[in-house]
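**Q** Chain by chain, the residues run as shown.
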Amino acid sequence: MTQPMVSLSGLYKIFGTRDKDVLQHVKGGMGKEELLARHGHVLGLNNINVDMQAGEITVVMGLSGSGKSTLIRHLNRLIEPTAGEIIVQGEDVMQLSEDGLRHARQEKMSMVFQKFALLPHKTVLKNAGMPLSVRGEDEATCDREAAKWLDRVGLSGFENHYPAQLSGGMQQRVGIARALTANTPIMLMDEAFSALDPLIRTDMQDLLLELQKELHKTIIFITHDLDEALKLADHLVILKDGFVVQQGEPQHILLNPNDPYIEDFVSDINRARVLRVRSIMTPLDGGQVPEDAHGEVDVNDTLESMIARSGGDTSHAYVVKDGEKTVGSLDMTELVRALVPRVASEAGARQS
Amino acid sequence: MAFYDKLFSALGLSEWCGTPDDKAPLSLADLAAQAGGEEASGPLIPIPSFDNLHESCNRIWQSRDVTNGIEEGFLAAKPVLKTVLDPITQPLSWILDGALWLFEATPWFIMVPLLVAISWYASRSRPVTIFVAVSIMLLAVVDHYDVAMQTLSIIFVCTTISVLFGVPIGIAMSKSDRLQKSVVPLLDLLQTLPTFVYLIPLIFLFSVTESKLYGIAIILYAIVPVIRLTDLGIRLVDRDVIEAANAFGMTDRQKLLRVQLPLALPNIMAGINQTIMMSLAMVVIASLVSAPGLGVNVLRGIRNLELGVGIVAGIGIVLLAVILDRVSKAALTRVDKTQVKH
Ligand SMILES: Nc1ncnc2c1ncn2[C@@H]1O[C@H](COP(=O)(O)OP(=O)(O)O)[C@@H](O)[C@H]1O
Ligand SMILES: [Mg+2]
Numbered sequence: 000m001t002q003p004m005v006s007l008s009g010l011y012k013i014f015g016t017r018d019k020d021v022l023q024h025v026k027g028g029m030g031k032e033e034l035l036a037r038h039g040h041v042l043g044l045n046n047i048n049v050d051m052q053a054g055e056i057t058v059v060m061g062l063s064g065s066g067k068s069t070l071i072r073h074l075n076r077l078i079e080p081t082a083g084e085i086i087v088q089g090e091d092v093m094q095l096s097e098d099g100l101r102h103a104r105q106e107k108m109s110m111v112f113q114k115f116a117l118l119p120h121k122t123v124l125k126n127a128g129m130p131l132s133v134r135g136e137d138e139a140t141c142d143r144e145a146a147k148w149l150d151r152v153g154l155s156g157f158e159n160h161y162p163a164q165l166s167g168g169m170q171q172r173v174g175i176a177r178a179l180t181a182n183t184p185i186m187l188m189d190e191a192f193s194a195l196d197p198l199i200r201t202d203m204q205d206l207l208l209e210l211q212k213e214l215h216k217t218i219i220f221i222t223h224d225l226d227e228a229l230k231l232a233d234h235l236v237i238l239k240d241g242f243v244v245q246q247g248e249p250q251h252i253l254l255n256p257n258d259p260y261i262e263d264f265v266s267d268i269n270r271a272r273v274l275r276v277r278s279i280m281t282p283l284d285g286g287q288v289p290e291d292a293h294g295e296v297d298v299n300d301t302l303e304s305m306i307a308r309s310g311g312d313t314s315h316a317y318v319v320k321d322g323e324k325t326v327g328s329l330d331m332t333e334l335v336r337a338l339v340p341r342v343a344s345e346a347g348a349r350q351s
Numbered sequence: 000m001a002f003y004d005k006l007f008s009a010l011g012l013s014e015w016c017g018t019p020d021d022k023a024p025l026s027l028a029d030l031a032a033q034a035g036g037e038e039a040s041g042p043l044i045p046i047p048s049f050d051n052l053h054e055s056c057n058r059i060w061q062s063r064d065v066t067n068g069i070e071e072g073f074l075a076a077k078p079v080l081k082t083v084l085d086p087i088t089q090p091l092s093w094i095l096d097g098a099l100w101l102f103e104a105t106p107w108f109i110m111v112p113l114l115v116a117i118s119w120y121a122s123r124s125r126p127v128t129i130f131v132a133v134s135i136m137l138l139a140v141v142d143h144y145d146v147a148m149q150t151l152s153i154i155f156v157c158t159t160i161s162v163l164f165g166v167p168i169g170i171a172m173s174k175s176d177r178l179q180k181s182v183v184p185l186l187d188l189l190q191t192l193p194t195f196v197y198l199i200p201l202i203f204l205f206s207v208t209e210s211k212l213y214g215i216a217i218i219l220y221a222i223v224p225v226i227r228l229t230d231l232g233i234r235l236v237d238r239d240v241i242e243a244a245n246a247f248g249m250t251d252r253q254k255l256l257r258v259q260l261p262l263a264l265p266n267i268m269a270g271i272n273q274t275i276m277m278s279l280a281m282v283v284i285a286s287l288v289s290a291p292g293l294g295v296n297v298l299r300g301i302r303n304l305e306l307g308v309g310i311v312a313g314i315g316i317v318l319l320a321v322i323l324d325r326v327s328k329a330a331l332t333r334v335d336k337t338q339v340k341h
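Residue numbers (numbering that gives the first Met the number 0), protein chains in the order written: chain A, 0 to 351; chain B, 0 to 341.
Because the hints were derived from the structure by calculation, they are not lab data. Quantities reported herein were computed from a predicted structural model and do not represent experimental measurements. Please note: incorrect hints may appear among the correct ones.
[As the list claims (entries may be wrong)] Heads up, simulated DSS-like pairs for lysine-lysine below, C-alpha to C-alpha not over 30 Å straight-line: (1) A/Lys212 / A/Lys125; (2) A/Lys147 / A/Lys121; (3) A/Lys121 / A/Lys230; (4) B/Lys254 / A/Lys147; (5) B/Lys180 / B/Lys254; (6) A/Lys212 / A/Lys324; (7) B/Lys328 / A/Lys121; (8) A/Lys230 / A/Lys320; (9) B/Lys254 / B/Lys174; (10) A/Lys114 / B/Lys174; (11) A/Lys125 / B/Lys174; (12) B/Lys174 / A/Lys19; (13) A/Lys121 / B/Lys174; (14) B/Lys328 / B/Lys174; (15) A/Lys121 / B/Lys77; (16) A/Lys114 / A/Lys230; (17) A/Lys147 / A/Lys239; (18) A/Lys212 / A/Lys147; (19) A/Lys320 / A/Lys212; (20) B/Lys5 / B/Lys81; (21) A/Lys19 / B/Lys328; (22) A/Lys239 / A/Lys114; (23) A/Lys114 / B/Lys254; (24) A/Lys212 / A/Lys230; (25) A/Lys114 / A/Lys147; (26) B/Lys254 / A/Lys125; (27) A/Lys125 / B/Lys328.
So here's chain A without its partners, still in its complex pose (with noise of 0.2 Å):
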């Protein structure tokens, strides 16, 4: 496995005058709430350990309050840890000087913003092309460069505007190019999309989703949203009162919930539109493909185009391919049983 883009391990973070003091009794096992009501300290990160890897989209995901925003900030130190190691490609964060801190902020680590935090005081165009001129880039380039990702989010021909002129949605685009301008690997977005209507917020996942195509960048997102999560993630962190509950890879934690906080999380979302054939097949592991298969189907078609395909029919199998290569098989009664979240078919049991 190749060195991970950004490491973190044993990450502590009290928020307290005396955070190093109470560090053993969270070490202990002291939760967020006897913490706070016996010491008067706010536990925001309890022993995080989360690895992400390069060109992936890994994101933490968790109810308000549970640390995400603690979290994302340690990468680019603009929040000092308890305790705890901060690896960016390969760099130990804590080791950094002032000035390695700030060189890092602006080579390495771009961040976009849940309320876009733009200078109302300066253009689109100035707006995007700010980080290349903190960087003390010329005035010219800083504007091409700016210009063209502009472009590339949609907003050509918005370049002079002020940004208390556009829209939330169209905000957060000036937002996206600023971060893309400064033309860093790593990208942190802290509910980047959480402040926009719902339909916007397709548009700016499918937006994302298309840029990190031909990017390739290492994205850190932060959402509350299950379905974003579910919607963007390589690799998905659950958070709960500033400790990791469950991560892996989404289809994994939502066929797999390890813990009731996930559970509830999972039970609500619309399961055939998230989860995709590889995640329910049976493996063909030398084994037969069925003789009566109705057709083939693409290990990454979601349950929900199948069942259209299948007419709703449960006595349906199909044959799975990845490619040209035939990966397993489908039944359609496995894809049934997989609708149906583990919590409630557990408690349909317990009632028969």
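Given chain A, work out where chain B with the ligands should sit, using these hints.
**A** The following block gives chain B with the ligands in isolation, referenced to the frame of chain A:
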């Protein structure tokens, strides 16, 4: 027989107190009596003040000793203060005199269009500019042009210096809570001290003929709002925007120049507007200590009961006030407009 005699003998202090001597300075009450008031017959039990206690016990201070003490202390400190403060503040006299000369020496047919042009440049508002032109011409018609220019030159210098010092002080305060905590009481003091009180120690320190005397009085009084509002403005800058500036690796200097100051500008401008108005208020009072300008005519109105002179000068001051206020406010709204809040 003084009221408190018994008290001191009861405490066995008669010995210590000694016999009254007549060389003691006059008590404040005697001073008042001397000034023409009649001898007040005190209440049954006199208030235990220094003077009343002194009547029974010679060792106790008199209140006049306190005022004399302050005076002597001040006089003793004066040479030191003067050797330090005089050279430091000397440039202020030069600047004030220079500006005065410049404003007076520039012929009116250059000065008036220049002022109107500045108003236009600052406010970009036609009504405001026209108002400025008309007001100046009105002042000129009643032969108050020269005094108005004197007042204006003093305000110009004092405001400029207030901004030059006030903005950096405000910036420093916004960066350090400790500094803010220690400076704010001082600003409160400067703002609540009656304006005349400023003049008292200054008159002792500097000679009344020096322009820096009124310059310092005006600046001390008028610098307060620009300091306060610079500090406030920077502290009020959206924390998300500051976070973005940090996240993209801005240096402190870049942050100050590109984010904090521009976003605090509306507040700073509001502070400058108040600073201008306060220097105008103070320049009138400062005419007591030889500040030239419209205030001198107001003073003459009061002293010689020349009603008309005083009122015309008063109206002149109001006109100047309105001009300065409108122009600076218009400039402020113009700045504000480019920063529409989301
Ligand atoms: N500066 C701070 N001081 C004290 N507590 C804080 C601070 N910042 C965040 N917290 C607390 O840390 C927890 C996690 O906050 P945050 O990371 O903002 O959550 P999220 O982004 O997931 O909503 C919350 O309980 C919050 O109250
Ligand atoms: Mg948050």
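**Q** Take the C-alpha atoms of A/Lys212 and A/Lys230, compute the straight-line distance between them, and say whether it is at most 30 Å.
**A** Satisfied, since the Cα-Cα distance of roughly 14 Å is no more than 30 Å.
**Q** Checking one constraint from the list: CA of A/Lys147 to CA of A/Lys239, max 30 Å. Satisfied?
**A** violated (40 Å)
**Q** When you check the alpha-carbon spacing of B/Lys254 and A/Lys147, does it fall within 30 Å?
**A** Satisfied, since the Cα-Cα distance of roughly 25 Å is no more than 30 Å.
**Q** Take the C-alpha atoms of A/Lys320 and A/Lys212, compute the straight-line distance between them, and say whether it is at most 30 Å.
**A** holds (22 Å)
**Q** Between B/Lys5 and B/Lys81, does the CA-CA distance stay at or below 30 Å?
**A** violated (48 Å)
**Q** Holds or violated: A/Lys121 with B/Lys77, Cα cutoff 30 Å?
**A** violated (53 Å)
**Q** Straight-line Cα separation of A/Lys114 and A/Lys147 no greater than 30 Å?
**A** holds (23 Å)
**Q** If you draw a straight line from the CA of A/Lys230 to the CA of A/Lys320, is it 30 Å or shorter?
**A** holds (22 Å)
**Q** Measure nothing beyond the straight line between the CA atoms of A/Lys114 and A/Lys230; if it is 30 Å or shorter, mark the hint as holding.
**A** Holds, because 22 Å separates the two Cα atoms, which is no more than 30 Å.
**Q** Is B/Lys328 within 30 Å of B/Lys174, Cα to Cα?
**A** Within the cut-off at roughly 27 Å; holds.
**Q** For the pair we were handed, A/Lys114 and B/Lys174, check the Cα-Cα distance against 30 Å.
**A** Given that 30 Å is the threshold and the Cα spacing comes to 24 Å, the pair holds.
**Q** Tell me if the straight-line CA distance from A/Lys121 to B/Lys174 falls inside 30 Å.
**A** Holds, at roughly 24 Å.
Comparing the model with each numbered hint stated earlier shows that hints 3, 15, 17, 20, 21 do not hold.
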